[in-house]
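As they're listed, the protein sequences go chains B and W. Take 1 as the starting number for the first sequence in my numbering and just add one per residue. Take 1 as the starting number for the second sequence in my numbering and just add one per residue.
Mixed in with the good hints there might be a few duds.
Examples of chain W residues lying across from chain B (beta carbon under 10 Å, computed) [what the hints assert, rightly or not]:
# : residue
1 : D44
2 : M164
3 : G230
4 : K378
5 : V407
6 : L410
7 : F411
For each label pair, taking beta carbons as the anchor points, the in silico distance ranges come out as [as the list claims (entries may be wrong)]:
#  : chain 1 : residue 1 : chain 2 : residue 2 : range
8  : B       : S92       : W       : P216      : 28 to 38 Å
9  : W       : M164      : B       : F151      : 37 to 47 Å
10 : W       : D112      : B       : G94       : 51 to 61 Å
Everything labelled a hint here was simulated from the structure, so no lab data went into it. From the three backbone atoms N, C-alpha and C, an ideal C-beta is built for every residue, glycine too.
So you can see what is in the structure, the chains are spelled out below.
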Amino acid sequence: MILIKKHIPLFICFLVGVLTLGSYYVPNVHSENYLELMNKWENIVAGFAFLLGLMSLFTSHFHKISRKAPGWGYSLFVYVGFLLVVVPAVVSGGKPMIGPDMTSLGWIYRFVFTSLSGTMFAVLAFYIVSTAYRAFRIKSPQAFVLFAAAFIVILGRVPLGQMMWDGLLSWTGYQVTDVIEWLMSVPVVAGRRGIMIGIAIGGIVTALKIIFGIERQYMGKD
Amino acid sequence: MKKIPLFLSFLFLSSFSNAAKPTAKGAPNLPPLSGFTAADMPGDAGGTALLRWNSPGEAAEGALVEVHASSAAGAGWVKLAEFPAAAKLEKDMDLPFWAWRPSPGRHAAAVDTSSAFGRPAGEQELEFKLRLVKGSASVETEPARAVINGNWFNLSRLNNLILMLTIIIVFFWTVSHAKRKGLFIRRIAGLDAIDEAIGRATEMGRPIFYSTGIGPMSLVPTIASTSILGEVARKVAQYDTSLKVPHFDPIVMTVCKEVVKQSYLEMERPDSYRDDTNFFVSQDQFSYAASVDAMIHREKPAACFFIGHFMAESLLLAEVGATTGAIQIAGTEQESQLPFFFTSCDYTLIGEELYAAGAYLSKEPMLTSTLKVQDFGKAFVMLAVAAGAILIAAGAMFELDALSKVVTQLFKAY
Numbered sequence: 001m002i003l004i005k006k007h008i009p010l011f012i013c014f015l016v017g018v019l020t021l022g023s024y025y026v027p028n029v030h031s032e033n034y035l036e037l038m039n040k041w042e043n044i045v046a047g048f049a050f051l052l053g054l055m056s057l058f059t060s061h062f063h064k065i066s067r068k069a070p071g072w073g074y075s076l077f078v079y080v081g082f083l084l085v086v087v088p089a090v091v092s093g094g095k096p097m098i099g100p101d102m103t104s105l106g107w108i109y110r111f112v113f114t115s116l117s118g119t120m121f122a123v124l125a126f127y128i129v130s131t132a133y134r135a136f137r138i139k140s141p142q143a144f145v146l147f148a149a150a151f152i153v154i155l156g157r158v159p160l161g162q163m164m165w166d167g168l169l170s171w172t173g174y175q176v177t178d179v180i181e182w183l184m185s186v187p188v189v190a191g192r193r194g195i196m197i198g199i200a201i202g203g204i205v206t207a208l209k210i211i212f213g214i215e216r217q218y219m220g221k222d
Numbered sequence: 001m002k003k004i005p006l007f008l009s010f011l012f013l014s015s016f017s018n019a020a021k022p023t024a025k026g027a028p029n030l031p032p033l034s035g036f037t038a039a040d041m042p043g044d045a046g047g048t049a050l051l052r053w054n055s056p057g058e059a060a061e062g063a064l065v066e067v068h069a070s071s072a073a074g075a076g077w078v079k080l081a082e083f084p085a086a087a088k089l090e091k092d093m094d095l096p097f098w099a100w101r102p103s104p105g106r107h108a109a110a111v112d113t114s115s116a117f118g119r120p121a122g123e124q125e126l127e128f129k130l131r132l133v134k135g136s137a138s139v140e141t142e143p144a145r146a147v148i149n150g151n152w153f154n155l156s157r158l159n160n161l162i163l164m165l166t167i168i169i170v171f172f173w174t175v176s177h178a179k180r181k182g183l184f185i186r187r188i189a190g191l192d193a194i195d196e197a198i199g200r201a202t203e204m205g206r207p208i209f210y211s212t213g214i215g216p217m218s219l220v221p222t223i224a225s226t227s228i229l230g231e232v233a234r235k236v237a238q239y240d241t242s243l244k245v246p247h248f249d250p251i252v253m254t255v256c257k258e259v260v261k262q263s264y265l266e267m268e269r270p271d272s273y274r275d276d277t278n279f280f281v282s283q284d285q286f287s288y289a290a291s292v293d294a295m296i297h298r299e300k301p302a303a304c305f306f307i308g309h310f311m312a313e314s315l316l317l318a319e320v321g322a323t324t325g326a327i328q329i330a331g332t333e334q335e336s337q338l339p340f341f342f343t344s345c346d347y348t349l350i351g352e353e354l355y356a357a358g359a360y361l362s363k364e365p366m367l368t369s370t371l372k373v374q375d376f377g378k379a380f381v382m383l384a385v386a387a388g389a390i391l392i393a394a395g396a397m398f399e400l401d402a403l404s405k406v407v408t409q410l411f412k413a414y
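Excised from the complex, chain W in its bound form:
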């Protein structure tokens, strides 16, 4: 009988030891996670660790992998992420082939540490461990240490950088070429019609409305629009016609005031310049549209220009302008608004014509030469689309997955 309490004590102690270390080696069904390494995630702003480990195999089917991390100060372990054990293969990492070499049978995960440990400006030393969990059983790896910091170059954007540098080189080549001889530019009907529109307004004694849209000054179409406004204002000053420029953005208004004033000065008509040519209306899209619509309806302008960044108000403005019989010239980079301008306006600047307008109207050799860069760009895109389509089709036809992957990644934005 004395053996029974001893046996019970042994059972109690053995169960206690299992409860104290449930994740250690007491999980016969789960294979251990081997080859675990932790490192800084390359090409990021910091706050992300790259963890890699060997595949636990089919024995871990249905199990979950938990990522735990601890700061070097030893503040305890924090669970950062959890995912199925079969997920996160190295080959599934969304990085291009020049920045990432996946190994077969290996897993990798980019784990965000900033939510738990913040993101200091300098280096950050953290310890990581993985825990494989299935039901009540679990195994965990030995901790691995990594120094995490922000990087100075995002290698996955190398394709983009090479393309950008090529464009810059071509850009400077064309600019230097332009100094020696001029370039042929095809006619753009919408821009040729500007003279007609201003002449009509002069004959009818009615004003010209010019809207730069609802984009801020930081948008390229708004800057392009100010260039066109400058050329329009020069002609308006020459013909001594009335120009009205209602604005959505006060910064754009301030810039346009300077542009218009300068145009009047260049045409030696400073006396004709009025400070209220450019005026602020509203920074709300539909309030702006309502106000400009009302002005167009009341004042019946002879010509309306809608050039810049437009959204839903494009149709509201252009349709009211069309009902007053004004000659209308529009241009926007928003391809969703182009159909409305096509149907409501007499002339529409499509796509890159908006950006070519400043050069086309000013006829400055330096500016016109840059149009050639646009043509080179389009030629490159056409070639790239054709070559890419042929190569991907060939990859699919001959089951060359690597070829398809290389072509896709070369033209992908990361």
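Bound-form chain B, shown alone:
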């Protein structure tokens, strides 16, 4: 049992990991074919896994409805929405139903799904305001630095603020755009690159841990 549950998966992980790592250095057509094959397998597995996902979705919402859990009414919309999308698509057979060139699926995607997604994305704007309010409360010297930088950058990006800053800075010979450019291209980039380097090194080490079977919590423990 331990052979099937531990050794074989670890060997597959090692083999695929080493081959994929090696394909970066081997530009041969066999290497490209291997990567393409892996992508195809991933798509096939993802296709079957989606069925599992769908079953999980329906089951969890069914339990919510049957147990009358708080907000169970929303769970009904999962089934209603699913049927509203799938039934017209199946009935039409992929042919246009609305006008000469629009399928029912296309109509739902364009006029319902895109609008709903846009709404969610638009909510971000409000959340950014509330987050910014929380971030700019000066509680420490670090928070003051953050506030000062944001005050210069945000205000300097709008025409009225730009005029105001340029008026204030006129005696120095610099414009606010110069200050913003320096802030964005020196301290901001330095901080971001520091984080990115840490992330890259951490990612490499984690990948090695997985390839060589040292990190194997993702497959359950021994």
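Based on these hints, arrange chain W on the given structure of chain B.
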């Protein structure tokens, strides 16, 4: 009078002969292209030829060079590329010094042949010729033959390979070292707070939400997140608290089910494990965010974990969690999303802390030892940045272009 038709006939014939061979030697303004060679492009997957020729000089100013190729079967000539005659100097080729030695006064072009002739798995024999064109005048080279095939090693990535091998050697050295003695690990506040968060949820009788983000299982942060989930699930099982893990990717859901189940088994609480702890929500980013937001809003969890790969939904999730008063711990490899987590969450795992979390929580010697590789890596990067900055500055100050070029190419990804 008899001489006039003869003269006209001579004129007609001479013009005809020029029209039949317009590219041959009838272009007095254009110099011939000499030293033309064709070869396989080294370090590629096939389907690219490397053509080299001598500079035609200033006489070819404003002229264009056309590259023509023909298959060995003699199916006619096909024009593959066209560029100004002054362009494509050998020194401008984007290859490092250990893979490419440019000659002064020579031109070189890597020409894609796959679009016209395909890319067979084996060798491919093609003939090439160059045509120098300026206005109506043109000269062309003698055809050169080349055998094109895919290579087994990309020499320009040698620097990357050496670095990778060094990392692997250091990796194994630290792992073997760890077996003998343990290592000191600095405290990571975000991970220490996990106990606090789970304890709070237990006291309040509210659930814990854990999101692995929207990354697929092939992403390293998602794998790191499953490791942290395993440790969180162990503590959840120990305290008998409710855990909810909404998923974006069904494959990640399947893996996480196994991880959580295993954690409950290890804590000898299989009776507490529920199969619907991990559940699929949606494979659309904003649908996922909307659904998880709604659940957080309704169920008012005591703690939220957002650990994995996040994009725009990071703020949507974290801000809603903050409004419910939940203690929030986040971590992502997306540095563009980190500011949102900083401001909305109580603790944020920055950069490599996300990858160190599994080792930090499990305290397994083998895993903790690998953290040292990260430290060595950071030390190397710091030294390399400092040395590189000094050398490039010295190169610029003393006008040592070769030094600047060597340093730049050593650290460049090809």
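- So which of the earlier hints does this model not fit? 5, 6, 7 and 10
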